[in-house]
Structures are given as C-alpha cells and as structure tokens.
Amino acid sequence: MAFPYEHEREVRILSRGWGDPSARTLEGWKALGGYKALEKSLSMSREAVIDEVKASGLRGRGGAGFPTGLKWSFMPKEKTGLQYLCCNADESEPGTFKDRELLRWSPHQLIEGCLIAAHAIQADHVFIYCRGEFFEAVQVLARAVEEAYAAGFIGENILGSGISIDITVHSGAGAYICGEETALMNSLEGRRGLPRVKPPFPAAVGAFGRPTTINNVETLCAIPHIMTHGGAWYREQGTEKSPGTKLFCVSGHVVRPGNYELPLGFPLMELIHDVCGGLRPGRTLKAVIPGGSSVPIMNAAECEACTLDYEGVVEAGSMLGCASVIIMDDSTNLVKQVRRMVDFYAHESCGQCTPCREGTQWMARILRRIEEGRGTEEDLDTLLDLGDQMTGTTICVLSDSAAAPVASSIAKFRDDYLALIRRGERVGAA
Amino acid sequence: MSETSSSSGPVPFRNPGWAGNTGAFDLSEEQVRGDDYVGVRPADGGHASGAATYPYMKVEKSPEAPLFEGPYRERFDKILSRYPESRAALLPALNLAQELRGHISPETMREVAVLLDLPEAYVRGVTSFYTMYNKRPVGRFLIQVCTNISCNLCGGDEVLASFLKHTGTELGSTSADGDFTVTEVECLAACGTPTAVQINSRYYENVTPDSVPAILERLRKKGE
Ligand SMILES: Cc1cc2nc3c(=O)[nH]c(=O)nc-3n(C[C@H](O)[C@H](O)[C@H](O)COP(=O)(O)O)c2cc1C
Ligand code: SF4
Ligand code: FES
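Order-wise, the sequence lines are chains R and Z. So in this note's numbering, spot 413 of the first sequence is number 413, and the numbers just go up one at a time. Position in the second sequence (from 1) plus 430 gives the number in this note's numbering.
Everything labelled a hint here was simulated from the structure, so no lab data went into it. Among these hints, one or two may not hold up.
Have a look at the derived ranges for each label pair, beta carbon to beta carbon [claimed, not checked]:
{"hint": "1", "chain 1": "R", "residue 1": "Glu240", "chain 2": "Z", "residue 2": "Asp547", "range": "50 to 56 Å"}
{"hint": "2", "chain 1": "R", "residue 1": "Glu27", "chain 2": "Z", "residue 2": "Lys651", "range": "55 to 61 Å"}
{"hint": "3", "chain 1": "R", "residue 1": "Asp415", "chain 2": "Z", "residue 2": "Pro472", "range": "32 to 38 Å"}
In silico DSSO-like pairs for lysine-lysine, Cα to Cα no more than 30 Å straight-line [what the hints assert, rightly or not]:
{"hint": "4", "chain 1": "R", "residue 1": "Lys30", "chain 2": "Z", "residue 2": "Lys652"}
{"hint": "5", "chain 1": "Z", "residue 1": "Lys508", "chain 2": "R", "residue 2": "Lys79"}
{"hint": "6", "chain 1": "R", "residue 1": "Lys198", "chain 2": "R", "residue 2": "Lys36"}
If you want the footprint, here are the derived chain Z segments under chain R, 3+ residues with CB under 8 Å [unchecked claim]:
{"hint": "7", "segment": "538-544"}
{"hint": "8", "segment": "594-608"}
Every residue, glycine too, gets a C-beta built ideally from N, C-alpha and C.
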C-alpha cells in the first residue's frame, strides 16, 4: 500500500514504515530488521557508539542542527549518579509535522534510538516528552513501549548486556515554549515551562539536577539506521556538512503538501515543482519560509538557487530550522500571515524577559493596526526597532524568532505594507 | 483510491485523522489512528511506563467524580513511581483529573495540591501556565480549530467561522445543549493536511468549511 505522500525521488529510511499498520507492532518492526541495531550497540562500548554517530555527521533535527555525536560526548565520562535522556516530542513549531508521524507509524524505531542513545550517554531513564495534544500518537507510543518492556528490550539487564534502561512516556499540557530544552526539563519536573539561563548546560545540570541530554524525535530515529549500516553509509546521502536524509514538512500553497524524506541539499525549486506537484494552476510563487515560523521569510528570487541543507539555506538568506517548508503563492496576504505568526509568539511567550513579553505584544498590536489599514510608515520603523531590541537580549530565542519574520518581511515585502498603509489596499486574500 | 466520502452513507467522513486524499490509500480509520494497535487502555494505566500519558478525554464529563480512587489510584501510584521527585507527577495528575472531570476547578487544584504536598498557589500557578487545562467547564465536545499559518493559508479562518456558525456559538462559549465549545488553537503539527482540528482527543484533518456539518453530525451520533 502506498503512503499518500510517496514520491519516487524520496529516499525512505526513517519513513519506510509509514502507512503500514503492521510496522507499528513489535513483530512488524522486527520483520523490518528492527532491534538488531540495539543488540549490536549494546555489545559495543559507549565510546564506540558515539564515534560511529560522530562519523555519520548526524546533526540535530530539532532546529539548531547541532552535531549529535558531539552533544553526546559532553556528558560526564565518570558517572556519579542518575543520568537522563529526554526525547523532545513537543513538536509545536508552526509548519512542522514530522515527529507526530514518526511517533504514530514507527514507535519502535524511536524506542530503539532512545535505548542506543541512553547507552551511549549512560542514561538510566529516558523521558519521552510529548506535546499534550498528541493523545492518539502517544497512546500508540505507550503501547509500543509496553510491548518492548515485555520483550525485554527495555528494563533490567537488556538482552543480557548488564545494562538497565527505563523509558517513560510523558505528556505536556499545551505550551510551545516547552519545546525549548531547558523549559522542557522544568515542565517535566512539574513546574511552569520557563527556559533556564545557560550555563549550566543540561549535560552538567539537567533534569532533576542531573546530567541530561535532549534530542529531537527525528534525530533519535536516525540512530538505529546509523548503527546498523555505519556512519559512512549515512554520509552517502546529503552533503559534506549536512549528511543524511531529512523529513521535509511541506505545507501551504502546493498541490501535494506533505512529509517527504529527501537527501539534505535537495533543491528547493525541485521540491516545490517536482515532488510537491507545483503551485496551484495559474499561481506564482511569492514567498517561502524554509524552516518553520521562526526563520526569516524568503522571496521568490532567493528561492531560485536555494538548496535545502543547513549551509545552503543560510546562503539564501534564511535558516533550515526543522525543514518545515511553508509555501506562499501570490494570493497570500503576507501582512496578515506575519501578524498571525506574531500573535502566536505573543501567546506563547513565557513572560520571563521583558523584551519578549512586551515586544511580542506590541508587535502584534502594531501589525493588526497596519492590517486594518490604520498604520503609518513610522510603524514600520517602530517594528524594526522593536525587533532589534528583541534579538539577542533574552534567555531563549523565542524572542528572536518572533522578530525574524517581521524584519524579513518588511525588508523583502515592504510594498505589501505600504499598500495597506498608503491606500488601505490589501495584497492577497489568503 | 478508496476515499471514504465517495461511498459513505449519511455521514460522509473523508479523512479519519489522515492525509488520505492523494494517491492510493485504503486503511480503516482504526488503522490510521492506531486504535487497532492500542486497544482499550485500562483505567489503571496499564504498564507504568505509559501511566503518565495524557489519557483520552471522556465525552461525558463528571465534575464531581472522586479523584484518584480505585484503578485511578493505582494509576496515580504508578505515575509517582516513575519520577525521582513527586513534584514531577503534577502535570500527569492534572491530566488525569481533567480526564475525569472535564476541567480543572479551584477545588481540583486544591485536592491535587494536598495529594502531592505542594502549596495550593503553586499548583494554581502551574495550571494557569498550560493552555490545555480548561479552567472552566467545556461542552461534551471541545472543538479546537488551528488557525496558524499553514492552515490559515488554506482557509483555517473560514473553517473556524463554519464551526461557529453550525454550532451556533461564539468563540469559547458552549452551545445551549451543552454539546459544543469551539476555540482557536495554535499549530497542531498536522500542517500538511489543513485545516487541522482537534475534537476532544481526536485529530480531524483536511477539514473544509463544507465538511463541518458532517463532522458535527458524526459527533452527535458516534460520540467522536
Ligand atoms: C522556542 C523553542 C521551541 C523549540 N521547540 C522544539 C520542539 O518542539 N521540538 C524539538 O525537538 N526542539 C525544539 N526546540 C529545540 C530544542 O531546544 C533543542 O535544541 C532540541 O530539542 C535538541 O535536539 P537535537 O539536538 O536533536 O536537535 C525549540 C527551541 C526553542 C528555542
Ligand atoms: S525569550 Fe520569551 S519565551 Fe524565552 S525565556 Fe524569555 S520571555 Fe520566555
Ligand atoms: S498550522 Fe495548522 S496544524 Fe500546523
């Protein structure tokens, strides 16, 4: 049975079980080669596992693209007490919808990745922190964890290795900021999800005051494949600096939106026109947000030569983030969409830092005024000024994220703003 | 391609939480949602590893239900056993309380505070931080429509308007029969199948303004 999104140019590694209900089950997953990588990894030293992951060049899929092997090597060499792995399944960056599919179609892939990572960093307990809205996906995951416990893949003395690891599935309760790694730990501990000042870094003082590593779902799902086939194999896909495949979440104005697993470095225009079936008939490309709502907006000219790897997108004027590609055609009312994004950040700001708490609210108010045709040209300067004050001045980067689409849209789509300000004319309806 | 709507009877339901309107796809709704694999999770939470997950929301809410008795007490004890500090059981406990009672009242906060030996004001502070805690009673069906960017580009605002119109409610208020409360929600991580709507515990995807009456009809009949 075909997964609806399937495209011949995809390289399906992480997503190969999607759309196949039998791949969800322990038996089905084992039939696809599952849990072999765990067996292999547990027979290796933890240093050797980290070296293999380093060799693969895998970079964190949660947004920042930080090298995973390197992150793991920050954990203490000498263990002095409990250590934790947190899997970040809080997926709430607007435009991102890959982790939910990984959770509900291939839960055992994630479990296997968590166990291997826990071995590598000497974690005793893995907490999989899922966003509260994922009732359905979380029940699938919880069932899979239960199955894996019963089969002896989780718990005491796994597969006779002498290594013991527990996994607990934890649900949040609706707060975007809990995706930020230190807010996630606070939330896990039963507190408000407020980001913590770093340092200390989680590898030194993390969840419950103990050394902790936090990784995204997609990052951990890549681990079993790397351990099975080796770091060199993983590098066969993607670019030198951005190796491997990535799940691209494409949404907005394309004929076939969806998740596509493609090698990093894939050309953006081919993603739009070939893989996703192009724009709707008669439409032209206006703007693209390549990495979820937190990254700068690109105009059509910037998209032309853009390749989708961490470096390529920076060169084109934005960031890859979690590869959540939002496509906007010429029917888009960009000012409205920017306002909607800023509304989101204003709602989700945890309120600790004044520039973020006040800045997001002010921006939202000014943008609404412009949208309603009551803005002035000075408002644009005020917005840019606010954005400057909100960037690099706060505990976490939510504040910077709110400023990014505002500043980039004013720089690249000033005419849309001016049409509203000068003539009360709206550009685009969507 | 077997699109459920083309062959269906009185309640067309195109997309059971699934992006199924392109290509060949012929899974049942249970297979798509994973219900066939999950089965019915027991009230005592089953294996302790999953006891802290957000349980399915009950349609019939009972604000007076006792907290954490019988199997729910067992579930609560399993939750406690998973964390090095009992404070960490706060969110799972509130989740459980909301499953039973439908919302978190000041009285519920007080009970949870006593149970976990935390100051009442602390519990109130945490509860107010998280949007999923209903601070007031909601209808049997809490309908949350995503109007964030990807859905919005494809008509999220119109879907929201359609839900409000067909339930005869205003944003955040409950219909006279107590069935529906409609709210706006931030991105639900289903942006490839706009518009995404969460109704109690379930996702509905590819929702259009026109498909709203059928969904409401299904809720009234099927209870989800
Ligand atoms: C405001 C904010 C929200 C975030 N949300 C998420 C999220 O939902 N999921 C996620 O995996 N990472 C999120 N991150 C990134 C995490 O802080 C962290 O970098 C990531 O989980 C690390 O995993 P990785 O190394 O595997 O990428 C967010 C960061 C910020 C600043
Ligand atoms: S930047 Fe905003 S969200 Fe981040 S810690 Fe400060 S107030 Fe909270
Ligand atoms: S924008 Fe609606 S689900 Fe993501």
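Verification of the supplied hints:
1. One distance hint, 50 to 56 Å for the beta-carbon pair Glu240(R) and Asp547(Z), holds here, with the actual separation near 55 Å.
2. A beta carbon spacing of about 35 Å between Glu27(R) and Lys651(Z) contradicts the range 55 to 61 Å that was offered as a hint.
3. At roughly 60 Å, the beta carbons of Asp415(R) and Pro472(Z) sit outside the given window of 32 to 38 Å.
4. Simply put, Lys30(R) and Lys652(Z) have alpha-carbon atoms about 36 Å apart, too far for the 30 Å limit, and the pair is violated.
5. The straight-line distance between the Cα atoms of Lys508(Z) and Lys79(R) is roughly 27 Å, inside the 30 Å bound, and the hint therefore holds.
6. For the proposed pair Lys198(R) and Lys36(R), the alpha carbon gap of about 38 Å is over 30 Å, so the pair is violated.
7. Using a Cβ-Cβ cut-off of 8 Å, 0 residues of the segment 538-544 of chain Z lie near chain R, which falls short of the minimum of three, so the contact claim is violated.
8. Evaluation of the coverage hint for the segment 594-608 of chain Z: breached, as 0 residues show C-beta separations to chain R shorter than 8 Å, against a requirement of three.
Of the hints listed earlier, those the structure fails to meet are numbers 2, 3, 4, 6, 7 and 8, in rising order.
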